[in-house]
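Novice: Here's the letter readout for the chains.
Number of protein chains: 2
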Amino acid sequence: MSILEDVLAHVDANIEQSLDRMATLVRFQSISTDPAYKDECRKAADYLSDELNSIGITTTVRDTTGHPMVVGHDSDEAAKPGPHVLFYGHYDVQPVDPIDLWDADPFDPKIEERNGTKVMVGRGTSDDKGQLLTFVEACRAYKAVAGSLPIAVSILFEGEEESGSPSLLPFLNENKDELSKDLALVCDTGMFNADTPAITTMLRGLLGEEIVITAANRDLHSGMYGGPAANPIKILSKILADLHDETGRVTIPGFYDGVEELSPAIKAQWDALPFDAEGFLGDIGLSVPAGEDGYSTYEMINARPTCEFNGITGGYSGDGFKTVIASKASAKLSCRLVGGQDPHALRKALRAFVRERVPADCQVDFIEHGAAPAHSLSPDFPPLQKGTQALKEEWNKDAILMGMGGSIPIVGEFKDILGMDSMLIGFALDDDNIHSPNEKYNITSYHKGIRSWVRVLSALAES
Amino acid sequence: MSILEDVLAHVDANIEQSLDRMATLVRFQSISTDPAYKDECRKAADYLSDELNSIGITTTVRDTTGHPMVVGHDSDEAAKPGPHVLFYGHYDVQPVDPIDLWDADPFDPKIEERNGTKVMVGRGTSDDKGQLLTFVEACRAYKAVAGSLPIAVSILFEGEEESGSPSLLPFLNENKDELSKDLALVCDTGMFNADTPAITTMLRGLLGEEIVITAANRDLHSGMYGGPAANPIKILSKILADLHDETGRVTIPGFYDGVEELSPAIKAQWDALPFDAEGFLGDIGLSVPAGEDGYSTYEMINARPTCEFNGITGGYSGDGFKTVIASKASAKLSCRLVGGQDPHALRKALRAFVRERVPADCQVDFIEHGAAPAHSLSPDFPPLQKGTQALKEEWNKDAILMGMGGSIPIVGEFKDILGMDSMLIGFALDDDNIHSPNEKYNITSYHKGIRSWVRVLSALAES
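Taken in order, these protein sequences are the chains called R and V. Heads up: the first sequence begins at 1 in this note's numbering, then just goes up one per residue. Heads up: the second sequence begins at 1 in this note's numbering, then just goes up one per residue.
Worth flagging that the hints you see were computed from the coordinates, not collected in a lab. Predicted, not measured: the structure shown is a model, and the values here were computed from it. Among these hints, one or two may not hold up.
[Claimed, not checked] To spell it out: a stretch of chain R is covered by chain V in this simulated footprint if at least three of its residues, at any positions, have a beta carbon under 8 Å from a beta carbon of chain V; those stretches are:
no., stretch
1, 74-85
2, 92-101
3, 109-116
4, 125-139
5, 239-253
6, 301-308
7, 358-372
Even glycine gets a Cβ: it sits at the ideal position worked out from N, Cα and C.
Just chain R, with the same shape it has in the complex (with noise of 0.2 Å):
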């Protein structure tokens, strides 16, 4: 046997003290947003910390003005092969209300058979605990079997993902030196479905702005000035129907700048996935898909980018009537954005647009909430090729390179601070319950995903 059947056979020879390790690491009650948790979240670093020193990765608990951070390293001074990695995953969770929705003790967590599959249900167990466990395993694995890593590894854990990290910003800057390596491995997406693995290489970025429409300095009433005096309303509706034109595009000058068609390659691949996009909708209660023309549901959302109105407001909103026009009117837009598209040129061009459309006598106040661009791996990426071909032949099937409709802002602060890529392979399931009652990961996935990194490693190591 080759070192790699030898570690995929440890693997599956320990696949039980694995799954007793996440369960250990569930019971860890780190819900990071709750202050009253914040001795379990050290409780959970430290576990983890034990954990990586006790298969020979030199690491530390690491102090932050909020959740410590867990850094790790391959203590193998050996020069290795392949890019030098940083593994990312995050040991907080979300908390866990409505408790009365949950079938049994969410920090409990049980293996049990749901459908005909085998799980282990608890918060955590699939965001992220579980699914940052099946690279240390695979670690721990080679390690057990080969003596040391086929790559450089390093490690970098959070308890702060789910309260928006305020700590990981400083973080890396502070330590930008010890955390850059080539390329980030980060474990917290999902399968294409149960069957088939998935590498998330696309991730819309995201343009956050406020209009806020001023016109008379008071409050009006509609019977003394109706019809001469400037009402922001309607100013505010016709920008808002300007924005799209009638095939659904976005109207704004050069917004789709950077935009680019699918590859044939993707393209193909996605036309062949058996996503259900009436029944996309249909859990919703839609049934016809807005957006743009031409394209179908599965690329709009992962790979097109849009202008959507998040919030308006403006006038007398409440019970019965007033016949009032208001002094103000504001609405908040999101676009989402995908390939080379540059937000702050777009925020400039959206200004310009709304400026324009502006009475004289009346103003607009524009408050910014936020820009990032999108993230996109080139399937010509080598390591992506070479992740891609791992996960091959762990499901004997192709991955997918999935899009995903929102942001992950950890890939962008880790291209922006540490200059590296990054990877997003995880083997999450749409069904997991993340973020809710009952939340599970499947044992397969689990299983399957530590046989997956170890070929990953593997793979990544071949020149």
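Please arrange chain V on chain R, whose structure you already have, making use of the hints.
Specialist: Structure of chain V alone, referenced to chain R:
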């Protein structure tokens, strides 16, 4: 001297006593909206009833579920020429908050000089106690000099005008026979300016409607669903934007049915008015007339229909930002109506207009918020011609036939329930601070107001 001249001389000779009676009425703290002042409302009603009885108008105070009505009929049984008129006013007043902005006790009226003009300051001096007394004092003078009024007169004073007149409609219905006369005279409006009398002959009607758009069955994450999921704020903005074309005209099919251009005579009168459109907008911090192209600001407010948005709400509008796609968004809108616009037909047309623009998988609900047609008196209406002439004789200036942007519900109710037109003659001025601190009524408004009613009563008696 003619009788008319004798009556006018009597008014002049007794103006001090008339002012004393005005001060007495103002002293009652008849704030109708605040239950703490219930007894004060009753006392004001009793006082008026006593005063009317003392001049031979047989009057009773009639209970309602709210504040009482004062109803009087001239006891002079002789057959009279001209129309039998019902004079309407209200003895209740607005609250006085913020009390610290008053220079003196609002219910201890004083005569003082303001900007070189003698005024009485106090809550209700202008709205509507001083105004309604102009008519009572005119009757008093006529009775004192001539022994009887020249035409048949009935009186209706209500005590709930400032709190929505909840008892008025049932009272009119229950006393239809008693109150249905030939013509209503209403003294609750203003002059064009301090020198120029006016009769308000056009009141805009009102159609109130709330539109509620529901898209998905719950609020969505804009990253996960942005693009293919319908966004109700987007749908609503588009509908609102569609409601006006680029010339400011309302685009609802049939909206302008029944809207007539001004008669050349009124247009000429209005064009000649010293109305300061720039100052009107400047006061509220604006300078560019919005609304329909091709109409003056004055005409837009007084004689053109509008469709104004009074409130809008949807999604997240708190501090900061939330990347949500709301399930619901709603807007309140109101159309001011003129001429023969039919509010019920327009509501139907508006709803059809909206429904056409709601995607098949989204829902729209409507909430009705009132419907009242516009009111207008034809310039050929004989009492109007007589009233105009009487005012010209008193003020030595043509009375302006004014429009009024707001609604006076009583006018529609008199028409619908009692079958009477209303002639609105009043002597209030824009700077009277009605509903505000330091409300006042010019002594000239009061004195020449009384004289004006003497002349109107006399003119209406002429064949």
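Novice: Evaluate each hint against the coordinates.
Specialist: Quick rundown of the hints versus the structure:
no., hint, in the structure
1, 74-85, "violated (count 0)"
2, 92-101, "violated (count 0)"
3, 109-116, "violated (count 0)"
4, 125-139, "violated (count 0)"
5, 239-253, "holds (count 4)"
6, 301-308, "holds (count 4)"
7, 358-372, "holds (count 6)"
Violated hints for the displayed structure, listed by number in ascending order: 1, 2, 3, 4.
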